[in-house]
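Counting in the working numbering, the sequence shown runs from 8 upward without gaps.
Just to be clear, a hint being listed does not mean it is correct.
As the list claims (entries may be wrong) - List of simulated lysine to aspartate or glutamate pairs, EDC-like, C-alpha gap at most 20 Å:
1. 105 <-> 145
2. 53 <-> 20
3. 317 <-> 210
4. 39 <-> 20
5. 172 <-> 366
6. 168 <-> 255
7. 317 <-> 354
8. 317 <-> 298
9. 168 <-> 20
What the hints assert, rightly or not - Computed Cβ-Cβ distance ranges for the label pairs, DEER-style:
10. 212 <-> 101: 33 to 41 Å
11. 97 <-> 250: 41 to 49 Å
12. 176 <-> 97: 28 to 36 Å
13. 351 <-> 50: 39 to 47 Å
14. 295 <-> 84: 29 to 37 Å
15. 26 <-> 253: 55 to 63 Å
16. 120 <-> 51: 32 to 40 Å
17. 180 <-> 334: 32 to 40 Å
18. 247 <-> 362: 28 to 36 Å
19. 325 <-> 290: 14 to 22 Å
20. 51 <-> 228: 52 to 60 Å
21. 15 <-> 325: 44 to 52 Å
22. 234 <-> 20: 48 to 56 Å
23. 50 <-> 120: 17 to 25 Å
None of these hints come from the bench; they were simulated from the model. Idealized CB from N, CA, C, for every residue including glycine.
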Amino acid sequence: MAEELIFDWKGTDRAGKKVSGETKGHNVSVVKAHLRRQGINAGSVKKRSKPLLSFGNKITPADISLFTRQLATMMKAGVPLVQSFDIVAGGVDNPAMKALIKNIANEVSGGNSFAAAVSAQPKEYFDELFCNLIAAGEQSGSLETMLDRLATYKEKSEALKAKIKSAMNYPISVLVIAGIVTVILLIKVIPQFESMFSSFGGELPAFTQMVVGASEFMQAWWIVIIIGIGLTYAAYKQIHKTSQAFRDGQERLTLKMPVVGDIIDKSCIARFARTLSTTFAAGVPLVDALDSASGAAGNVVYKNAILKIKNEVSGGTQLNHAMRQANVFPSMVIQMVAIGEESGALDAMLDKSATYYEEMVDNAVDGLTSMIEPIIMAFLGVVVGGMMIAMYLPIFQMGGAMS
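Please take these sequences and the hints and turn them into a complete structure.
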């Protein structure tokens, strides 16, 4: 027997008084029926999502992508939907993901549609695009095909994100390590040389004096510096979380950055084309598909441009003309869209555009990584090697004077 879940509900009693509470049940339908027997008209019943997080395991987008692919495979093999949930859940190691799948299975077993079941889960796991495409698949009787398209979409989207993150994380990680090594040298190693220099007498070289001064400053203020960095980071995270204007400004700035901006620009185009191709191929009207694509673009510049295109298309303008007026999409994509509109194969042309730009992002990231490696090595050599040279300069100077 399926385990009972906890649902939070709000409603009115027989006297019309507002009431609320929590009730255990297998799904929303069971809870509503239970409340009706108690004379309560439930206005909203929501499954409590806290148990999913109490296991200490985080559900990642990669988990959702794998779940979608496994479910699509099961359904293509002719396995019934509810049985597919049980099979997929049985092969999942993450307890939180296993609980999420069981919750969806309980909803479907209770008579709800698959689309309603995923819509009842936290939006961080199943966004509006996912729910809408599942609903379209159920309505058209092609759920297994829709799941396959969704799985492909999620896999390609996650691969693109992972590629960009890896390109960003590598130099950041190396620079952080370089910073830690530099601080350790300034606080622990340089003072040992400084005590030795004090016995020499005479004046130290200017470069050595500069490094010794930096070491003295770091020794005196390292706690304040660390606290300052921590407070700055915390303030940044808070502002980033609460201020939409700050996030929008940051996204606009990233597009103007050298090299990195070009990669982000191409990735936004790839996401737009991939999302629009997937939704339009699923039978979603173009205006609604553009709405989904705006949310998946990943940058406010493209989001605003796509919303503007949506308004133009709603007024009867062809998609390729609206894209040209938006002035953010390259000519190649616009031409592909124009060919797709004329030939009635818009989804296929968008899919080709998405694949092309995804490959461009891959190549750009590989090129960035190859370019960054020697730059980072040179930077580390200058910083660490420079401090070592500064420490040995007085010794070289003394040796030259003795000869």
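Hint check:
no. : hint                    : in the structure
1   : 105 <-> 145             : 23 Å, violated
2   : 53 <-> 20               : 18 Å, holds
3   : 317 <-> 210             : 71 Å, violated
4   : 39 <-> 20               : 13 Å, holds
5   : 172 <-> 366             : 16 Å, holds
6   : 168 <-> 255             : 19 Å, holds
7   : 317 <-> 354             : 17 Å, holds
8   : 317 <-> 298             : 7 Å, holds
9   : 168 <-> 20              : 49 Å, violated
10  : 212 <-> 101: 33 to 41 Å : 59 Å, violated
11  : 97 <-> 250: 41 to 49 Å  : 44 Å, holds
12  : 176 <-> 97: 28 to 36 Å  : 34 Å, holds
13  : 351 <-> 50: 39 to 47 Å  : 46 Å, holds
14  : 295 <-> 84: 29 to 37 Å  : 31 Å, holds
15  : 26 <-> 253: 55 to 63 Å  : 41 Å, violated
16  : 120 <-> 51: 32 to 40 Å  : 18 Å, violated
17  : 180 <-> 334: 32 to 40 Å : 37 Å, holds
18  : 247 <-> 362: 28 to 36 Å : 32 Å, holds
19  : 325 <-> 290: 14 to 22 Å : 20 Å, holds
20  : 51 <-> 228: 52 to 60 Å  : 54 Å, holds
21  : 15 <-> 325: 44 to 52 Å  : 47 Å, holds
22  : 234 <-> 20: 48 to 56 Å  : 54 Å, holds
23  : 50 <-> 120: 17 to 25 Å  : 21 Å, holds
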